[in-house]
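2 protein chains.
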Amino acid sequence: MTLQERIFAGKGTIKADLALTGGKIVNVNTKEILQDDIAITGGIIVGIGDISDKIGDDTEIIDITGKFVSPGLIDGHVHYESSMLTLTHFAIAAIRHGTTGMIIDPHEIANVLGKRGIDLVLSEVQDLRSSIFVMIPSCVPATDLETSGAILDTPTVTSLLYNDGVVGLGEVMDFPGVLDADPGKLDMIEETLVLGKRGDGHCPGMTGSDLAGYLCAGISSDHESLTYDEAIEKARMGMAVMLREGSAAKSLKEFIPRLIEDGVALDSFFFVSDDRHPEDLIAGYMDAHVRTAIDLGIPPIDAISLCTINTAKHYRIDHLIGSVSIGRRADLVVLNDLEKFTIDRVFVSGSTNGSPKPVYPAEAFDTVRFRNIYPEDLCIKSDTPVEANIIVAVPDEIFTDWRIENLHPEGGILHPDIDRDILSIAVIERHGKRGSIGKGFVSGFGFKWGAFAQTIAHDSHNVIVTGTNVEDMALCANEIRRLHGGIVIAYDGTIIGSLPLPFAGLLSTGSIESVDAKQRALHAVLREMGCVLPSPFMTQSFLALPVIPKLKITDLGLVDVEKHEIIPVLRE
Amino acid sequence: MTLQERIFAGKGTIKADLALTGGKIVNVNTKEILQDDIAITGGIIVGIGDISDKIGDDTEIIDITGKFVSPGLIDGHVHYESSMLTLTHFAIAAIRHGTTGMIIDPHEIANVLGKRGIDLVLSEVQDLRSSIFVMIPSCVPATDLETSGAILDTPTVTSLLYNDGVVGLGEVMDFPGVLDADPGKLDMIEETLVLGKRGDGHCPGMTGSDLAGYLCAGISSDHESLTYDEAIEKARMGMAVMLREGSAAKSLKEFIPRLIEDGVALDSFFFVSDDRHPEDLIAGYMDAHVRTAIDLGIPPIDAISLCTINTAKHYRIDHLIGSVSIGRRADLVVLNDLEKFTIDRVFVSGSTNGSPKPVYPAEAFDTVRFRNIYPEDLCIKSDTPVEANIIVAVPDEIFTDWRIENLHPEGGILHPDIDRDILSIAVIERHGKRGSIGKGFVSGFGFKWGAFAQTIAHDSHNVIVTGTNVEDMALCANEIRRLHGGIVIAYDGTIIGSLPLPFAGLLSTGSIESVDAKQRALHAVLREMGCVLPSPFMTQSFLALPVIPKLKITDLGLVDVEKHEIIPVLRE
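Just so you know, the sequences run in chain order A and B.
So that you can map any letter, position 70 of the first sequence is 70 in the numbering used here, and since no number is skipped, the others follow by simple counting.
So that you can map any letter, position 96 of the second sequence is 96 in the numbering used here, and since no number is skipped, the others follow by simple counting.
Take these hints with a grain of salt, some might be off.
Just so you know, same-sequence chains aren't split out, so a pair can sit in one copy or run between any two.
Pairs of lysine to aspartate or glutamate residues, derived as DMTMM-like cross-links and limited to a Cα-Cα distance of at most 20 Å, are as follows [as the list claims (entries may be wrong)]:
1) 31 <-> 302
2) 357 <-> 513
3) 31 <-> 229
4) 433 <-> 513
5) 433 <-> 572
6) 448 <-> 492
7) 31 <-> 233
It is worth saying that the hints were derived from the structure and are not from the lab.
The task is simple: from the sequences and hints, build the whole structure.
Have a look at this one:
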């Protein structure tokens, strides 16, 4: 609709497409629940209250007497790639849970596809009915200790910030860089502030003067608080605090009772997921946040505000979404019950229909490029017994432990030692760049046979493969290349499970049900193999992230995270 | 300070200029009152809480134990020209009342000086310590029924919107134009929205579908609600509602008890003055709003939020001002008593010193240009008795009544009839353009001798002069030209009072005390002359505003406002 058409729709000169009559609106502007009719034209709310002059012959009228109308819920910070779904399939799955808005930080796509990937995301956003806004990833790649698919340098980031659909700079994980006044990071932040947009933070455990320095840089939010005390300090200092309840980190049950106890105003807080795995997204989304908050004692209207108006105000898009108000998008959740937040139906831009199927360019499906891998490429050689640095995977954590073990070669090769749970691990550069392979040993998985590989491996998303033997590991790697990315399990020369993720090697193009079913099957196979980790794919994906302690592995080799350097597997 | 210096100040590497210790901070982020020390460097708050690592040898430490620290108060909408002070003197007077921030709409300056005037204002803002942000006037001139000093056309307005110090489009008074989808107005609004800035509204009495149309245009606020019911409708529909208590209109005592009674959340509301005359500005400013609100039953922290964080969030400048938070400007009000809001001292950008004296360009003082006026220029001629349209000034209102009277000529001229309180009135074009003079008769002033003139005459600010005889009227006009603008009273061939307003013919360059004293003297003289209006200068200034009913006068003649046309003084 043009602005003129909107105005005429508001005045009633143009008649409404849709009228919802008899419902009680959850008015987050005044924090009241008021019975009012709603008129919608061209996907916009154009009337609230007496809408009789907007009803025409073609106006569809839906009687929702006795029901409630909430603004569509917003996830204030999510890396949607964690769902392994394309943005379109993610948005469709989200709508079922009343979640019509997302502030996405496509950090993973950026690490693989760079600016082309962000452009692709921005174009997909345009085609979707859901209200999706983009933060530009600020830290691609995370370090120089790995080979990423792309680099988002400062000029590229600042140019992307100008896009209309962009509401700010993605979480500035490189907080040491900010505190040391790294010129590139400061340029990104300054440009963000000049544009009146938001710079998201990422500062787990940060308090006191470091926090003051980070805030002085112009960073406006954080979603990484480890404790309530840390979160409330951040809010008091003037930071927007994201209350995170994702597939990995969860904080609502700990933080909300304390917020209620302290009688703190909730204006500076909003709900985010940060990530959402397929099985969790099937079970619930921001609706689950609202229900949890209500269960913990927050009044429904405040719980709803925490993922509607608060989020929209923070990202300065409250003129577009976040409330059932005139001139805003008709993103509406009709509820049968307010206290239980039971969803009757969801309107996105005034429609209950899904979004059109996007057409992606071929290049998005051609991101896994490396030469054929042979078993010997993955071997570590030694002629004598030797001490080795071993990565120790920790269940459901993204940090690792670090162990030193004696290894004994056979035929000049250091083989995995299944009895001691010492498996081989390798990271294979897959962006068609260096062709490098980092090799090492890992403990903690516990499986007894076979190997598994995946192209989700933070942050550069090279191929990471763990196995009991290099033959199955090489097979996994080559199969993953054939699939253009995904997760693959092999045993005894045969592929026994796979989930293709051909979009950037990160996302399936299938539905959430299809992805979830395939992932469940893979989990079952890994358990069968003896794997003791509850979330082996997630855990393996973080073994390549060289910014979280202690010992990690990239395509360039083992990384001593605290020293920020590549170290040899074998000790002197 | 550079961003790097800010960060280092936050970390404590650079030591603080100033520390305020022992005070209790009014924390509008969490709505708590918490004892915390504050560190300030380069005018920015760089530490809250434990600031020991920021104290250096040169840090000034001020012990404010037992006192409270409020964020500096913000006037959310003011035409500062109503004070007859330059922006610098206005800011200085405001600081005394804890008011360190203003969203100004320099509508009057724009009508006289156009884009040059706005540029001047933006440059003065840069030099001031106070936190002043500019809305670009959207309706200059108000109509085509008068000769203004300048035209702010759509391309000019949209180009000005890009300025960093500009937070939006000034009140779009031409709401009929918006509702009729006037392309020029819509272009201005669309540009504002694309920039993520705010479009202020002006829609007295507007409700229902007109309001919906206005909101659908993207207008985000209003300060003109005539009744509480109108205000609450606007808030519920998603509009920010400014609670206005100015020198003219006042709404706090009516609206606040109703807001409390209805239990409405105050997030969508904020305080504004709209205008502030010198005598009122001496008595109080936004501190008076806070005290009134507290007296009416609003808790102090909420009353303070209504002119700090709420305003800053609305205008999307909460990263700069509006709270005692790290990284924000150190605009702070130290209070001896919170409930009574008694001010101990005020810091603006961390300093209690005033701002530097600005240097204005000569052109700002050369805006009153017209040829010498002779008494006969102001006469209305008739050879026969005739019915005339008479403007009737109404005490303390900006609308007028309209009366028809029989007038009898003497020597071919229709003279004022003092016994019937029918005085002569004229508007003389003063921008050096047409040289036109509009003439008519006015009732309601009641004075018995002399004449008075002024260059404040909304919206085009031509010379408006009322008198018992054309000789004194001509004298007033010529003296006003000699002074380059102001207010002048003449009697019997002599100037008996004047207040020079040489800056654009609107503002004195003197202090508030000087302007106030001179205005009081003028008021006394007018009362002596028999004037019965309580605010004769204000009332006269609105007689030239051809958008408020019923009968007005511009340099082009009498205006029938409802018909939007020039009409003759004498009836057929």
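Hint by hint, here is what the structure shows:
no.	hint	result
1	31 <-> 302	both (8 Å within a copy, 15 Å between copies)
2	357 <-> 513	within (17 Å within a copy, 69 Å between copies)
3	31 <-> 229	between (28 Å within a copy, 17 Å between copies)
4	433 <-> 513	neither (35 Å within a copy, 74 Å between copies)
5	433 <-> 572	neither (31 Å within a copy, 92 Å between copies)
6	448 <-> 492	within (12 Å within a copy, 113 Å between copies)
7	31 <-> 233	between (26 Å within a copy, 13 Å between copies)
The structure fails to meet hints 4 and 5 from the earlier list, while all remaining hints are met.
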